[in-house]
Amino acid sequence: MEKKVFSDDQSNLIEKIVSLCKRRGFIFPGSEIYGGLANSWDYGPLGVELKNNIKKNWWQKIVWARNEVVGLDSAIIMNPKTWEASGHLKNFSDPLVECQNCHSRFRADYLKEGKYGELKQKDGRLLCPNCEGLLTEEKKFNLMFKTFLGATEETGDAVFLRPETAQGIFVNFRNVLNSSRKKIPFGIAQIGKSFRNEITPGNFIFRTREFEQMELEYFVKPGEDEKWFFYWTEERLNWYLSLGIKKENLRLRVYEKEELAHYARACADVEYKFPFGWDEVEGIANRGDYDLKNHIKNSLKDLSYFDEIKKESFVPFVIEPSAGVDRSLLVFLLDAYNEEKDESGETRIVLKLNPQLSPIKLAVFPLLRNNDKLLVLAKDIYNQVRGKFLCDYDESGSIGRRYRRQDEIGTPWCLTVDHLSLENDTLTIRHRDSMEQERIHRDEVLKWVEEKLTS
Numbered sequence: 019m020e021k022k023v024f025s026d027d028q029s030n031l032i033e034k035i036v037s038l039c040k041r042r043g044f045i046f047p048g049s050e051i052y053g054g055l056a057n058s059w060d061y062g063p064l065g066v067e068l069k070n071n072i073k074k075n076w077w078q079k080i081v082w083a084r085n086e087v088v089g090l091d092s093a094i095i096m097n098p099k100t101w102e103a104s105g106h107l108k109n110f111s112d113p114l115v116e117c118q119n120c121h122s123r124f125r126a127d128y129l130k131e132g133k134y135g136e137l138k139q140k141d142g143r144l145l146c147p148n149c150e151g152l153l154t155e156e157k158k159f160n161l162m163f164k165t166f167l168g169a170t171e172e173t174g175d176a177v178f179l180r181p182e183t184a185q186g187i188f189v190n191f192r193n194v195l196n197s198s199r200k201k202i203p204f205g206i207a208q209i210g211k212s213f214r215n216e217i218t219p220g221n222f223i224f225r226t227r228e229f230e231q232m233e234l235e236y237f238v239k240p241g242e243d244e245k246w247f248f249y250w251t252e253e254r255l256n257w258y259l260s261l262g263i264k265k266e267n268l269r270l271r272v273y274e275k276e277e278l279a280h281y282a283r284a285c286a287d288v289e290y291k292f293p294f295g296w297d298e299v300e301g302i303a304n305r306g307d308y309d310l311k312n313h314i315k316n317s318l319k320d321l322s323y324f325d326e327i328k329k330e331s332f333v334p335f336v337i338e339p340s341a342g343v344d345r346s347l348l349v350f351l352l353d354a355y356n357e358e359k360d361e362s363g364e365t366r367i368v369l370k371l372n373p374q375l376s377p378i379k380l381a382v383f384p385l386l387r388n389n390d391k392l393l394v395l396a397k398d399i400y401n402q403v404r405g406k407f408l409c410d411y412d413e414s415g416s417i418g419r420r421y422r423r424q425d426e427i428g429t430p431w432c433l434t435v436d437h438l439s440l441e442n443d444t445l446t447i448r449h450r451d452s453m454e455q456e457r458i459h460r461d462e463v464l465k466w467v468e469e470k471l472t473s
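If you're matching positions, the sequence shown starts at 19 in the numbering used here and goes up one per residue.
It is possible that some hints are incorrect.
To be verified - Here are the simulated lysine-lysine pairs, DSS-like style, with alpha carbons at most 25 Å apart:
#, residue 1, residue 2
1, Lys245, Lys329
2, Lys275, Lys108
3, Lys157, Lys108
4, Lys370, Lys73
5, Lys245, Lys79
6, Lys157, Lys138
7, Lys211, Lys99
8, Lys158, Lys138
9, Lys275, Lys311
10, Lys99, Lys319
11, Lys370, Lys465
Derived from the structure by calculation, the hints contain no laboratory data.
The whole structure should be built from the sequences, with the hints applied where relevant.
Written out as structure tokens, the structure reads:
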């Protein structure tokens, strides 16, 4: 069967992904029965599996596969002195302007870059992209969410929801070093929720106020930081490529000196070609010794590293690859989405996800639902393999429709029990991407899938 792939027009791809995600149970609008909450999203049955698979693969590559990296799970609410030391209370802000007419808020830098559309001015003053009303003067808007720790707001202490997971790693540097006895260079990895009161969240799950991060703080000797910075930029770019992201849709952008954050000696972004343009999916920063030195100064605790060979102490530099789980998930969905037409003109929607990430690894079908022997054998095989990885069982509709349903959610293999199966215990395995089929013995199913997942 000849396949025809649709054109490269990506203008409505985000809308197609949003529709697919709700229809098939990947992502739902948050608090939908109450009218929703702006830019809030809930992960459904398939979405949470895809998200967990992304995190699991990252953890395997960053922690399990390396003997110099260990994990951590630090608290979301930390002593507010943490954020004084890190500079977040003073520096963690975006430039805000507000329309004096419709009261819409915008990031001033995005406005000047044309991200809200054509920049309009009157008598040297910026105008609102929505109603062309006059905008206020630019002011700093702190991005941290404040809450209160205590019985009531009046008597409680002001604390913050963490805007990044990194500081939990830095304040535990000494604890991890003493308990793990790691030697420089070594890393501490963490996956967890962070919160930022974004002025203009949007583009589905690309920019949200509540999100999940996968961060590594990799501690190195001063003077070796440049070497390790380039090492991790290549390592992280290759992670996306290894999971099937098209090379032409990825690039590495190194920051100019004037773009760097106050704590950074160097920074590079892994960028993806989204339908709305090139943008960051992961950042790799050389943070120098900024964080540890500030925590030493503010806590009066020793966070230095003692080199037993040279018999000297120093404050390590740190290289930080920081990836967004939600952004990564969006990238994998966008890159995997395909629409194909066969010779009859029928459209097949298929998510060509890497099988390691696919929510469901294997779907089991009886060829016919009105044949008791086929049903019994199909359910028996399904019960044998489920629990080893996520499987699905489906006997409703034609076999073609069942294939299409699995294609749409990215299931890499479908197993069909047919009349020949009753004779010799062989089954038909159908491959998602090529739609080719082969026969294997029922005793080989588990081994066959496991080998495919590790190849």
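Now for the hints, and whether the structure bears them out:
| no. | hint | in the structure |
| --- | --- | --- |
| 1 | Lys245 - Lys329 | holds (24 Å) |
| 2 | Lys275 - Lys108 | holds (21 Å) |
| 3 | Lys157 - Lys108 | holds (13 Å) |
| 4 | Lys370 - Lys73 | holds (19 Å) |
| 5 | Lys245 - Lys79 | holds (20 Å) |
| 6 | Lys157 - Lys138 | holds (19 Å) |
| 7 | Lys211 - Lys99 | holds (20 Å) |
| 8 | Lys158 - Lys138 | holds (22 Å) |
| 9 | Lys275 - Lys311 | holds (22 Å) |
| 10 | Lys99 - Lys319 | holds (13 Å) |
| 11 | Lys370 - Lys465 | holds (22 Å) |
Checked against the numbered hints given earlier, this structure breaks none of them.
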